[in-house]
Amino acid sequence: MRIHQLLSGAGPHDAITSEAVSFRERFRSWGWEGRDYAVHVAPGLNGHIRMIKRFKPKADDVLLIHHSAAAPRLRELLELPNRKLLLYHNVTPAHWFWEHAPNVAVQCAVGREQLPALVKAVGVAAADSAFNASELEALGATRTAVIPLLVDYGRLGPPRPGDPPGPPTILFVGRLSPHKHQDEVIRAFASYRRARAPDARLMLVGDPISSRYLEHLGNLAETLAPGAVSIESGLSNAELGERYRAAHVFLCLSAHEGFCIPVLEAFSQGVPVIARPAGAIPETTGDAALFVDDPDLSVVAELLHLAVTDAELRTELRRRGQARLALYAPDRVAQALRQAVEAAASRG
Amino acid sequence: MTDPEHALERARAAAATMRAEGAYGEDQRQGEAPATTLENLFEWAMIDPDLREVRSTRRLGAPVTLLKLGLVRLLNQYHAELLSQQTRFNVHILGHVRRLETRIDELERVVREQREQ
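Protein sequences, first through last, are from chains W and Y.
First residue of the first sequence: 37, per the working numbering; consecutive thereafter.
First residue of the second sequence: 1348, per the working numbering; consecutive thereafter.
Be aware that a few hints might be false.
[Claimed, not checked] If you anchor each label on the Cβ, the simulated ranges turn out as follows:
1. Y/1360 / W/139: 27 to 37 Å
2. Y/1462 / W/379: 51 to 61 Å
3. Y/1437 / W/86: 48 to 58 Å
4. Y/1437 / W/255: 22 to 32 Å
5. Y/1396 / W/275: 24 to 34 Å
6. Y/1387 / W/201: 44 to 54 Å
7. Y/1403 / W/188: 23 to 33 Å
[What the hints assert, rightly or not] Output of the computed footprint for chain Y on chain W, the stretches with three or more beta carbons under 8 Å from beta carbons of chain Y:
8. 126-134
9. 146-158
10. 240-249
[To be verified] Over the 12 Å line for every Cβ pair with chain Y, so calculated as not near, a few chain W residues:
11. 93
12. 97
13. 361
Don't read these hints as lab results, they were simulated from the structure.
Treat the numbers as computed from the prediction; the structure is a model and nothing was measured.
Backbone N, C-alpha and C define an ideal beta-carbon position, used for all residues, glycine too.
Model the full assembly from the supplied sequences, consistent with the hints where possible.
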């Protein structure tokens, strides 16, 4: 079989690009040929992903379309006679971005508009969570599959045995973006620090959606918890692993998540997770996270205090986190992927 | 030990106690992003690119960033012309939308009053 993957954008720190590269390794191990293409290819990908203008499929090739943002020239692609499999990674609603990153908002608005046409044109519509698949079903997809994100947790290094030394350290990893609510993480952390742990630290890791938004978060952190918050981006895998191993709790107050890889990374590093049960978060974490949806941030602060100080609770959350990871074992994901590709290929 | 199923309940109780003792302020979650208003649109109509976004994302990309900023400076007259034409259109179309909204409000008021009579 020949299968080509098509992405709207590809970058060295992008989860979907990493997944496409992992998929390609699996395809090769199954004896499948093909190439991977993107409309925008960032420097540093070392030829893994080609520019889409070089894309010239043969009629019996299978196309795996990753959809996470606006896809230019989509109609040309959908008019190709090839069998197609859609893998929907979710598109964040545009209203989160209009103020701080209008270019991203446009990408998201158009990406959502394109979704019905995509669903109609493909043989099999897959998504990386049941939450995302439900959006496809709402648009009329009758045959959906769930292929969780294929993540290499080993790249972060081995977890630390026991708790990290030093003052209570809270971590959140994710794009610095309004829908991820790093602003609320900072506010909740500031309350926790004021009431329970004056020496606590907060680490925010992620690429900013715009310089303006980064400045906004930096100002908020300096106002509410001066000197206690670090904001970093562009970290290597080793550096990211170190941040996880330095953390006592992973706090995610995101309002929209189509999957959320960082909570699984936290599980893999033995870091207890507190999360807002939004989007696909409950599905991804199962019973291994502490959920909080209270508007009162002092409740989040008290939950942080509990998760930092209750050793048995931490041990139980670590145990559940490890059990949860088994569901996302690479071989299981690869099996779901293979089934979906073969189902798409078998449709004439 | 607190089991995970009862942790939230315990945190709520502790927060209430601590709040009564004055440990917490009134910090509340912000919630959803507000809907875009006509006032937002007027603010955004004045195109004002953030030059901090003109940069290289490569490691050691400072010379490339300087080159890009130099090009922006060289093309300053062209960009000024482009921005002025786009802003002219934005401001006029928004003025038109505002006038239409005012007319709709007025018509709705008349219809309401007629129904009440």
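Results for each hint:
| no. | hint | result |
| --- | --- | --- |
| 1 | Y/1360 / W/139: 27 to 37 Å | 46 Å, violated |
| 2 | Y/1462 / W/379: 51 to 61 Å | 58 Å, holds |
| 3 | Y/1437 / W/86: 48 to 58 Å | 38 Å, violated |
| 4 | Y/1437 / W/255: 22 to 32 Å | 28 Å, holds |
| 5 | Y/1396 / W/275: 24 to 34 Å | 32 Å, holds |
| 6 | Y/1387 / W/201: 44 to 54 Å | 47 Å, holds |
| 7 | Y/1403 / W/188: 23 to 33 Å | 28 Å, holds |
| 8 | 126-134 | holds (count 3) |
| 9 | 146-158 | violated (count 0) |
| 10 | 240-249 | holds (count 3) |
| 11 | 93 | 31 Å, holds |
| 12 | 97 | 33 Å, holds |
| 13 | 361 | 16 Å, holds |
The structure fails hints 1, 3, 9 (numbered hints given earlier, in ascending order).
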